[in-house]
Amino acid sequence: MEILSFWTIVQLVLALVAILIFISGNAIILVWMERKIAGYIQRRPGPVEVGPEGILQCVADAVKLLSKQILKPTHADSLLYWLGPILIFFAVPLIFMVIPFSPFFTAYEVDLGILLILAFSGINVLSVLVAGWSSNNKYSLYGAARSVSMSVSFEIPLLLAVLAIAFQTGTLNLSTIVAKQGGWPWQWNIFVQPLAFFIYFVCAMAETNRAPFDLGESESELTAGFHTEYSGMGFALFFLAEYANMVVVCCVATALFLGGWNGPFLDGFWWFLAKAYGLLIVMMWIRWTYPRMRFDMILNLNWKWLLPLGALNLLGTAFVLKLIETPCIKEFLEGWGIL
Amino acid sequence: MSQLMHPDSSLFDDVRGDFYTVNFEKGSRENTFILNLGPQHPSTHGVLRVLLELDGEYIMRAEPVLGYLHRMHEKMGEIKTTGQYMNNMGRVDYLHAMAWNWAWAGAAERLGGIEVPERAEYLRVIATELNRIASHQVGWGAYILDLGAFTPILYAFEDREFVLDLLQMMSGSRLTFSYFRLGGVASDVPPRFFEKLREFIPYMRERLKMYHKLVSGNMIFKERVEGIGIIDREMCDRYGATGPVSRGSGIAHDTRRAEPYSVYDRFDFKIPVYHEGCCLARTLVRLDEIAESLNILEQAANQIQPGPVQPDKPLKVGYKLPAGEAYFACEGGRGKIGVWVASDGGKNPYRIKLRAPGFSNLSLFAELAKGTMIADAIAILGSLDLVIPEVDR
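As they're listed, the protein sequences go chains A and B.
My numbering puts the first residue of the first sequence at 1439, with every later residue one more than the last.
My numbering puts the first residue of the second sequence at 45, with every later residue one more than the last.
Just so you know, nobody snuck in bad clues.
To give a feel for the contact side, a few chain B residues facing chain A, derived at Cβ under 8 Å: (1) 86; (2) 189; (3) 193; (4) 264; (5) 420.
Taking lysine-lysine pairs in the DSSO-like style, the calculated list, with each CA pair at most 30 Å apart, reads: (6) 1474/A / 266/B; (7) 1474/A / 257/B; (8) 1742/A / 414/B.
The hints are simulated quantities; they were obtained by calculation from the structure and are not laboratory data.
Since the structure is predicted, the reported quantities are computational estimates derived from the model, not experimental observations.
Beta carbons are placed, not taken as given, at the ideal position from N, Cα and C, and that holds for glycine.
The task is simple: from the sequences and hints, build the whole structure.
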């Protein structure tokens, strides 16, 4: 195994710090955006008092959350109770390490980038379970149980959708996948794999516990779901992690399907961020529009629709790839200038 | 049982729970789970407590526990004079306070044989129908909120504001109205009222089209409520369910039509009835009732004539009811509101009984919730459109 050199470690530490700043900054912007979008949809101004257009409202909220007393319910399991919010936040910076914001703007390039992202996003589920179980609250337990069964099942079609892209591009390296796409929308992977993108996006919303799949929280049924008992910073970490996870899934979607940093002109990380933010706005739009789905409806959607569709899509991709590699067809296609 | 929560169940030996929990737990089977939904819970609209025995997501048994908002309105009637008691009526059901105003005024007038001037009758109709629209607006808005969509309630409340503006012009208050007086209403409406009312009616009709689209055009909403919590006619009879709950189950009973009071026999309006008996049917009944209320308002605005709104010699606050008994029922937003009053001719009424429609409608819940999922139970509870202050009185 290759031993990391001193400079690599310095680079990693710097990247981690930068990513943490990026996440916190993003969370502030996203919370503000969410409130403004909710306000726009609900025909009210949203936050306007603190700072210009209310952008500092989130800072005020963060100060409030920091200064609140941290409570632990009696008979709660201390170790697991505090592990929950830490665990949910711990995977997020690691995932950001491999996301290619631009060719020169990737914290740490690995060949198995997608695999790493999928592996670390699994930790989310664990922390939700730990938080819900250790709170010693029935609502928390229900929220955790719902969240876990949902996340675990939605991971499968998500994986299938991502695999289709991996088949198509022949690599698990995110930078390579982005580099293989062009700047215009018809050169993006979404143009070739619209079904995979749809499946990925639905699963991503479910994975991040966003409405209409916010069963883990579902405040009209379970008060606040798995984080019912958390106050102050414990709650803030869950809140931050939700937004960080949203950024993660949207960044991955941008890299896999929307051409990443490639733009019609002036390639760079601004294109990446613009696309990712576009997806985030869509997620917020959906949240403020639809009612919550019922537990069995969600699982039916997953097992009866997304999973078979994902599998078919993957099989179809594999079949087409094999077909165009057959020598005679390849010659024919090259003759017509398609390949 | 609750001890399943923690590996060390001996910790809970000293935690017995209250009377209801202990009694409820006696009947529980193995591998089930007791959950207290409420009294403080986002979707119980106040302080209703529901004890649930759960098997996973499924509800084995449900038992509503009442009394967390009991304010002794019936008993208060025995220490207040007839005029003073009107203020209590605005607080029984804060969403449809005008109907409760009317129920009390009607019962006292029936016992005292008090005549109401015609203009006052029309103003009563206008006030009650406007308030019914406001009540149903909260009803469907809060219902969709229960199902997890945040936005529609703000649209519902936006239009409710217009209604409240009109009601404020009439009565001076926006929520807990005490507009009625024995023998009439508190005051005549300001000159611009009817102009505003005529502006409001076509506006609201346009908005209703949008609401219908919101209900029938939203796939997730329809999936969530269609065929859920089916109540049949026999069940309605058994529990005494009235209002939109029974009309959603195919019972075309409306107190305004069945036992016409005041000037309701002069209006042409339909009674919306749906036969499915599910949550969707009840929601649609409420939406259709808004349209019918608008029709009544339009006719009332055209028919109303100038005149006095109180008897020539207005009744005093301390008006003494003659000895005897009287019962008066009127149609509220949640069903049939009844007030029975008995008087021995003294300073205060001897006994008052309030019949709250929400109480009967809530009693359906225990049977309906059996075997459903938690999310469905919330949908059912919301579709009954309960106002807990009214249930507990």
